[in-house]
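> Single-letter residue listing:
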Amino acid sequence: SQKIEQNSEALNIQEGKTATLTCNYTNYSPAYLQWYRQDPGRGPVFLLLIRENEKEKRKERLKVTFDTTLKQSLFHITASQPADSATYLCVLRRNTGFQKLVFGTGTRLLVSP
Amino acid sequence: KAGVTQTPRYLIKTRGQQVTLSCSPISGHRSVSWYQQTPGQGLQFLFEYFSETQRNKGNFPGRFSGRQFSNSRSEMNVSTLELGDSALYLCASRGGGPSNEQFFGPGTRLTVL
Numbered sequence: 516s517q518k519i520e521q522n523s524e525a526l527n528i529q530e531g532k533t534a535t536l537t538c539n540y541t542n543y544s545p546a547y548l549q550w551y552r553q554d555p556g557r558g559p560v561f562l563l564l565i566r567e568n569e570k571e572k573r574k575e576r577l578k579v580t581f582d583t584t585l586k587q588s589l590f591h592i593t594a595s596q597p598a599d600s601a602t603y604l605c606v607l608r609r610n611t612g613f614q615k616l617v618f619g620t621g622t623r624l625l626v627s628p
Numbered sequence: 124k125a126g127v128t129q130t131p132r133y134l135i136k137t138r139g140q141q142v143t144l145s146c147s148p149i150s151g152h153r154s155v156s157w158y159q160q161t162p163g164q165g166l167q168f169l170f171e172y173f174s175e176t177q178r179n180k181g182n183f184p185g186r187f188s189g190r191q192f193s194n195s196r197s198e199m200n201v202s203t204l205e206l207g208d209s210a211l212y213l214c215a216s217r218g219g220g221p222s223n224e225q226f227f228g229p230g231t232r233l234t235v236l
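Chains A and B, in that order, give the protein sequences.
Residue numbering for the first sequence follows my numbering, beginning at 516 and increasing consecutively.
Residue numbering for the second sequence follows my numbering, beginning at 124 and increasing consecutively.
These are calculated hints, taken from the structure and not from any lab test.
There's no promise every hint is true.
Said to hold, decoys possible - Straight-line distance between alpha carbons at most 30 Å, and here's what the computed DSSO-like set of lysine-lysine pairs gives:
1. A/K586 / B/K136
2. A/K570 / A/K615
3. A/K518 / B/K180
4. A/K586 / A/K518
5. A/K570 / A/K518
6. A/K532 / A/K586
7. B/K180 / A/K615
8. A/K570 / A/K586
9. A/K615 / A/K572
On a predicted model such as this, the values are computed, not experimentally measured, just so you know.
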């Protein structure tokens with residue numbers, strides 16, 4: 516079956532450290548992958564997109580990698596801050612199939628001062 | 124530009140009733156998608172509308188339906204409500220930029236008793 520998986524357990528790190536979140540998928544051939552941030556009681560907010568032919572994308576303190584061989588994307592936040600505490604969603608866009616966008620269940624990040 | 128708005132923000136219904144949720148996309152956006160978010164399942168895609176036509180549909184029963192008007196505003200209807208329909212319903216609009224970014228509304232929290 517086709518799945519997209521993110522760590523369901525919360526990730527706790529100290530302020531200033533680098534947070535690394537993982538997104539693994541099986542049996543998909545994604546056209547691209549997106550990362551969103553969601554705060555409690557609010558809709559997700561787009562952060563970054565990385566295409567299948569790209570290895571790495573950066574935006575300020577954020578970095579995303581995409582390994583289509585391992586079927587994995589890593590999302591890094593460097594110099595993390597308590598304000599980065601939120602749930603981060605991995606979203607995959609399929610090349611084929613009726614339901615084009617598939618969301619992971621998200622990983623909750625907690626950054627302690 | 125004003126963001127995506129959804130009404131109502133909170134709703135309590137009883138089993139067997141029906142409900143209509145409304146979404147106003149960002150001005151100029153013609154694509155509107157609907158999602159159901161529950162703690163266990165994460166975001167599940169319901170359907171996408173573009174220029175008043177349903178373009179994609181997720182794996183939900185026929186009790187879930189939607190439509191889009193000529194001004195791109197969209198409504199979602201759920202008939203014969205079940206307890207399991209309790210969720211956060213999110214609407215997202217897309218303008219077709221290079222990042223294929225979706226702009227999410229704050230959601231409607233539906234509770235079915």
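> Take the hints in turn and mark each one as holding or not.
Now for the hints, and whether the structure bears them out:
{"no.": "1", "hint": "A/K586 / B/K136", "result": "42 Å, violated"}
{"no.": "2", "hint": "A/K570 / A/K615", "result": "22 Å, holds"}
{"no.": "3", "hint": "A/K518 / B/K180", "result": "18 Å, holds"}
{"no.": "4", "hint": "A/K586 / A/K518", "result": "11 Å, holds"}
{"no.": "5", "hint": "A/K570 / A/K518", "result": "21 Å, holds"}
{"no.": "6", "hint": "A/K532 / A/K586", "result": "26 Å, holds"}
{"no.": "7", "hint": "B/K180 / A/K615", "result": "9 Å, holds"}
{"no.": "8", "hint": "A/K570 / A/K586", "result": "12 Å, holds"}
{"no.": "9", "hint": "A/K615 / A/K572", "result": "22 Å, holds"}
Comparing the model with each earlier hint shows a violation of hint 1 alone; every other hint is respected.
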